[in-house]
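These protein sequence lines map, in sequence, to chains A and B. The first sequence lines up with residues -2 to 353 when you count with this note's numbering. The second sequence lines up with residues 424 to 915 when you count with this note's numbering.
Hints listed in this document are in silico derivations from the structure and should not be mistaken for laboratory results. No false leads were mixed into what you were given.
Listed next, the in silico SDA-like pairs over lysine to any residue satisfying Cα-Cα at most 20 Å (straight line):
1. B:Lys813 <-> A:Ser106
2. B:Lys813 <-> A:Leu195
3. B:Lys804 <-> A:Pro128
4. B:Lys429 <-> A:Ile141
5. B:Lys646 <-> B:Arg543
6. B:Lys671 <-> B:Pro551
7. A:Lys102 <-> B:Ser818
8. A:Lys328 <-> A:Arg317
9. A:Lys299 <-> A:Gly53
10. B:Lys813 <-> A:Met130
11. B:Lys448 <-> B:Arg438
12. B:Lys429 <-> A:Gly133
13. B:Lys804 <-> A:Met130
14. B:Lys565 <-> B:Met622
15. B:Lys813 <-> A:Gly133
16. B:Lys671 <-> B:Arg545
17. B:Lys429 <-> A:Met130
18. B:Lys813 <-> A:Thr131
19. A:Lys109 <-> B:Arg821
20. B:Lys673 <-> B:Thr511
21. B:Lys813 <-> A:His143
22. A:Lys149 <-> B:Ser428
23. B:Lys565 <-> B:Asn628
24. B:Lys804 <-> A:Phe12
25. A:Lys73 <-> A:Gly94
26. B:Lys439 <-> A:Arg129
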Amino acid sequence: MSNVKLEVNDLRKYFPIRRGLIEVLSGKPPKYVRAVDGISFEVIEGEIFCLVGESGCGKTTAGRLIARLIEATGGKALYRVSRNVKEMIPEGLLTNGDYVNLLEKLPGSVDKALRLDIQIIFQDPYGSLNPRMTIGSVLEEPLIIHSIGSTKEERQEIIYRALSEVKLNPPEEFVERYPHMISGGQRQRVAIARAMILNPSLVVADEPVSMLDVSIRAEILQLMLDLKALRNLSYIFITHDLAVANYICGRIAVMYLGKIVELGPSDKVINNPKHPYTIALVSAVPEPDPSNRTKIREVPIKGEIPSAAAIPSGCRLHPRCPYAMDICKVKEPPMIEVEPGHQVACWLHTKESTPS
Amino acid sequence: MSVLSKMYESWSWIRKEILSQVSGKVAFVLLIVLIAISVYAAILMPPDYTKYWDVGSKWVDNPYNAPPEWASYLGYTCIPQTSYDLRTVKPGISEVTGRVVFTYNITYDLSARDYPQGLRIRANIVVPQGVRNARMRVDVIKPDGVRLPAIIDVYVDLANTSLIDLNLDKPEGIVTAVMSAYRDLVRFLSVEDIYIFPMKYIFGNLSYSETLKKVETTPLPGKYVFVIDFSFRAFNIQPQDILRSIEKSKEFSLLIKGTCYGLMGTDYKGRDLAEGLFYGFPIALAIGLLVALAATAIGVVAGLVSGYYGGFIDELIQRTVDVMGSIPLLPILILVAQSIAKTYMGEDKPIVMLTAIFAVLIIFSWGGLAIIIRSMTLSIKSELYVEAAKAVGASNLRIISKHILPQLVPYIAASLVYSTPNAILTEAGLSVLGIRHGFPTWGNILAEARQNGTISQWWWILPPGFLIAIVSLTFVLLGLALEKVVEPKLRR
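Excised from the complex, chain A in its bound form (with noise of 0.2 Å):
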């Protein structure tokens, strides 16, 4: 439990619908889309945790309530805060000597205490910086929030480290400069030199590369891998790329309508997946063999992801499962361990391992 950095457990966001006037006097109960439903995980310290599913699975809406950006549902996430932001933090809200749940409502001094250790980075290099500020007051903004640097000057050398270290040289050049005159690639630095320059020991990147070209997804990707080994930083990575996955992952959860289904080391889970859904999206993923390219390659699981508004009863994939069994339309699959460290919520594999 020592070098766990962040265990989440039984983590749910329900998304009120609104209800016309009609519905609220006939009493109909009000509706949720149940976004994350539940979800249970670890990051260990210094690791690349992965969260993987198709859009709408709730694998963001995951992030950013490891953010705390928005307030959760329920559940629990304990967090090991690091040692700079531990003397911010009463006694009191700390369990187990350094965790703090983050789904707590915390008063504002240890939320702003926790801003410094947990950052994000989001999908969209365009929209998350202020068209109207240039880079210079951008990274300068959280350096002026939680005072650091005392003077212009100080903060100035700040900023143009920060800048060079997500190699943006030189640093003089860019804090000038307005986001739109510079291109995504070098945005998405920009943004990644914002949540760095906090010196977080936890980072939820948000599909940090899927709104780039190919051409520079790489170069971010080592970017990110060469900041994590220079701060011991711990990575919450999430992504829809299978490919990024297996280039970047320690670990990797795969979500389904708002429930990990799947979850383990990465060469494991893609190499050898055990969920039907895993295996969908295992072989979706293109192959980069020219001698395949006239193959047409069945994907085995049938029709669209459901409306987290209405989640199918029992297994959520049994609509779409090629395996469904009569058990999958009534109960849930329990998650359970396939091997060491790979789990599973299937009914295909409970009965294998536990006969009952």
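Since chain A is already given, all that's left is putting chain B on it; use the hints.
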């Protein structure tokens, strides 16, 4: 500090954008002129201005309903206002039957073919002890040689006082004077007509009209001599001493009222319209800008709070705006103003009424802006960079002031500009409808013209309307220029 510098930055950007357009340039020049005049007028404005504008004895010397002096170029016969300070005139001194007589011969040159509006003699003289029984008698010698005797003849006993205080604006002796000067016409003269229109008989040529069977007067230009005999019974006093007391007196003057006055003419009370219009500048601008500023400030704050925080407070503000929007403004204004006008009788009534009108205007004019600001705030709030700012720990106040407000500045400026003429026009409309707060606003001058003027008195009707239009135009032009700043699609 940085917020201020940001504000200044966006202000100088707005200014540059405005000045790059013709309408913006015109508006800018007009605005500077307006502000300069307003500041100048506000400095010069006497503190009790409302009192003497509305009641004031200040205006009795002015001709009433008089066109401006430059109207003579438009074909008006114009007699200028002529005033003689008799203290500086050396009188002839004589002694007749024990009385000291000062004889002032004042020559008045009437050049236009019209009658002056009136004449007035004022005296405020403290005479030495031993002077009794003062008498002032005024004769007029017309250019044709006819002498009207004693058109004014007054006595001051001076038994208990040594102050001669005269204010004679009617030649009381005109009837007998005319009767005795024109003996051959006596049968045809109308006493009533002489009494009501004395100026016609003093400054006119009298002739009998066979067709009308009555005496007619025609203006008689030429040199008139006013012979003013000021006589005293003096006991042990040298005439020179009396003369010295006259020279040192507060006032001793003869005024012949003209038919034209000043730069902008006068209204039915003889009030100088130039003055009223001049002091109307700061009031108009104050009404417009104060209402616009306050309404804009409230609208911005309400819209920001509503859009940013949402929830119950949002609902409350938006429903309030809806309710306000469905109440008609003008009837409410009339109701409020009229009830104050009828019930409040304090000294500061004009201020109280104006404040009430301000308040109602402000209360009813922030809603539209609040709705716009709310919707803009909602859309900016959901921008990713706002979320990014939250992620680095920015407070709500910081997000509002650094990320949301700067984008709203052009809209706020445009709203400010457009609501200014609105307030001015509403106030003018109220005045014209008869809601009087007492300040000489342009609307007020127009309202009085509506009640007491005729259409021929263009100098009374046109200038206030023109000034209201100019001020509105200034702000509308400014708004047009700003519109291009706000809406990039309109930019070339």
